[in-house]
Amino acid sequence: MAGVDFVDVKKSFGAFPVIKGVDIQIEDGEFVILVGPSGCGKSTLLRMLAGLENITAGEIRIGGRTVNALPPKDRDIAMVFQNYALYPHMTVADNMAFSLMLNGSAKAEIDKRVNAAAEILGLTKLLDRFPRQLSGGQRQRVAMGRAIVRDPQVFLFDEPLSNLDAKLRVAMRAEIKELHQRLKTTTVYVTHDQIEAMTMADKIVVMHDGVVEQIGAPLELYDRPANLFVAGFIGSPAMNMIKGRLDASDPTRFVATDGTALPVSRPPAAAKGRDLIYGLRPEYMALAGEGLPAEVVVIEPTGYETQMIVRLGGTEVTCVFRERVDVRPGETIHLKIDAEHVHLFDVESGRRLFD
Amino acid sequence: MTTVTTTQPTATSAPWLQNNNLLGFFFMLPAAVFLVCFLTYPLGLGVWLGFTDTRIGRDGIFIGLENYIFLARDKVFWLAVFNTLFYTLIASILKFALGLWLALLLNENLPFKSFFRAIVLLPWVVPTVLSALAFWWIFDSQFSILSWSLMRLGLIDGPINFLGDPTNARISVIAANVWRGIPFVAISLLAGLQTIPASLQEAASLDGATHWQRFRYVTLPMLTPIIAVVMTFSVLFTFTDFQLIYVLTKGGPVNATHLMATLSFQRGIPGGQLGEGAAIAVAMIPFLLAAIMFSFFGLQRRKWQQGGQD
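Those sequence lines, one after another, are chains R and E. Oh and the first sequence: position 270 is 270 in my numbering, straight run, nothing missing. Oh and the second sequence: position 142 is 142 in my numbering, straight run, nothing missing.
FYI, nobody ran anything at the bench for these hints, they're computed from the structure. Remember, predicted model here, so these are calculated numbers, not experimental data. Wrong hints could be hidden among the right ones.
Some, not all, of what chain E presents toward chain R, calculated at C-beta under 8 Å [claimed, not checked]:
(1) ASP140
(2) PRO197
(3) ASP207
Once the Cα atoms are required to be at most 30 Å apart in a straight line, the calculated DSBU-like pairs of lysine-lysine come out as [to be verified]:
(4) R:LYS10 - R:LYS20
(5) R:LYS73 - E:LYS113
(6) R:LYS184 - R:LYS112
(7) E:LYS113 - R:LYS10
(8) R:LYS107 - R:LYS73
Note that CB positions come from ideal geometry on N, CA and C, so glycine has one too.
Put together the whole structure using the sequences plus the hints.
Right under this line is the structure:
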């Protein structure tokens with residue numbers, strides 16, 4: 001096992017830069033998720049780590065060893081592909097044994113390791129099947145088995161769950177996390193799904209347009225997003241964002257462009273007199289007997305919670321309540337905002353202003 | 001709400017239109033007539049002629065197996081059989097090896113990739129007779145560009161007698177056939193190579209496979225179904241080849257390049273012995289059937305291709 005370092009890594013396709021200088025330190029045994037919208041460069045970065053794409057500039061190290069010029073087969077990493085990439089003409093057992101067969105392991109050793117991996121993943125009964133005879137989830141497990149058998153320095157996952165249906169995805173999420181807790185192999189996992197990132201990662205790297213927007217633990221990103229992009233990307237339903245400025249005479253009052261006044265508990269000094277965005281997560285609004293009046297637009301009960309789109313002044317905001325609410329569209333409710341959890345972002349730089 | 005209108009079959013339509021089997025038969029009729037007229041009838045006529053002593057301009061009578069008994073003792077016929085097998089075997093092996101090599105090259109990310117792919121098809125699109133005429137000049141005993149080049153390079157003293165010497169003639173016609181047949185093999189195999197997902201190659205290289213191991217364990221097994229089909233067709237084309245030989249050597253020298261197809265033509269049309277020519281043609285059928293059986297089993301889906309959905 002080993003850590004992974006990206007040092008000012010850059011990549012361009014022709015004149016077109018896709019990775020614009022990325023620095024990431026991944027500790028030994030860590031589960032790191034690269035997350036971002038499509039086209040942000042996260043998959044390219046993973047493929048560079050695997051050796052499937054050239055590195056234009058910078059350095060990638062695995063276990064302290066620079067691997068820039070090393071071909072994939074010498075990097076001692078295993079990768080699970082989005083489409084699984086199982087060899088269709090080989091049985092499950094042969095698929096898993098392939099890398100060991102290539103490196104000349106003894107038959108007994110191969111059998112032992114394949115059986116052990118099959119045991120972990122519940123594939124023992126499927127070892128003689130061909131990939132076509134398996135369901136999506138089973139293929140996914142074989143692909144993971146192929147990686148486990150090798151006992152590599154690093155596991156790479158490239159959007160491994162995106163071909164599965166929603167229910168199976170949740171199950172596999174837990175299975176991959178459990179597997180990591182068991183094997184403790186350094187893992188780099190790419191996804192565009194922030195829920196996957198939040199639920200599985202030790203550390204999340206949010207990428208956007210070829211640069212790293214923020215690196216941190218899941219809840220750290222949730223509670224203290226560094227900028228508007230991370231604030232909007234992490235969390236579902238997404239954070240409400242309202243444009244406006246602080247009141248010149250009373251900085252604990254945020255005045256939206258439509259004139260609505262919203263509370264701020266600790267106004268940062270840098271916020272004074274600047275165009276701001278008031279960021280408020282949907283769950284930090286509570287129903288109250290009196291407070292900000294808001295007109296109900298849409299009600300979406302999920303049973304577990306009630307999600308509501310309401311019109312607050314001139315803007316539509318999303319709020320989530322744990323309790324069940326008996327209101328109809330068009331009615332007015334009163335909201336109490338938890339000012340402790342309000343974020344203020346500078347419009348010009350997009351950065352969060354810290355208090 | 002949308003309203004769905006269903007059209008009921010009108011009571012006036014004839015009852016036989018309601019019968020799917022009968023209707024199907026009528027739909028197949030045009031194709032069946034076409035096949036019977038242009039495939040079954042000529043084939044049947046050929047087989048029949050093989051049992052007669054028909055000559056050009058004179059109707060024959062049924063003579064049973066006399067033509068075949070004569071051919072069985074005919075040394076030239078057996079030489080043609082040997083030539084055909086030799087020609088087919090050597091040319092097919094060369095076409096497969098070179099075609100596969102070319103397909104693998106064209107599958108790489110080369111500059112001007114589509115240009116090269118188009119160029120490779122050229123020998124295939126040029127009419128056979130035209131390319132055969134070109135080879136006739138290339139193999140000319142006095143004006144051959146090959147002899148001229150080799151003489152200029154100082155490698156040989158005099159021109160090579162390409163088509164006049166039995167061994168040289170065999171090699172020459174095989175070379176021309178290979179040149180003409182490579183594009184079919186190369187382009188078909190290239191199409192097959194492109195159906196192999198790139199991620200399989202990537203997975204194999206991460207699994208530690210070298211270039212050769214990737215070819216041996218991933219590319220080749222996944223290509224075998226297509227190889228079986230392509231090579232069956234290639235063998236059929238080569239076995240029944242006529243034009244190249246007819247233009248280049250007409251079967252000579254001393255029958256060294258006579259194939260069954262050219263011998264059948266020579267005995268049947270210029271020689272006038274239609275019955276005997278037909279018998280030679282019929283003698284090709286068992287060999288062709290064998291090739292078709294090979295294709296039948298080659299085309300069967302492998303176990304790993306069966307079952308499940310993608």
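For a quick check of understanding: which of the numbered hints are violated here, in increasing order?
Checked against the structure, the only hint that fails is number 1, while the rest are satisfied.
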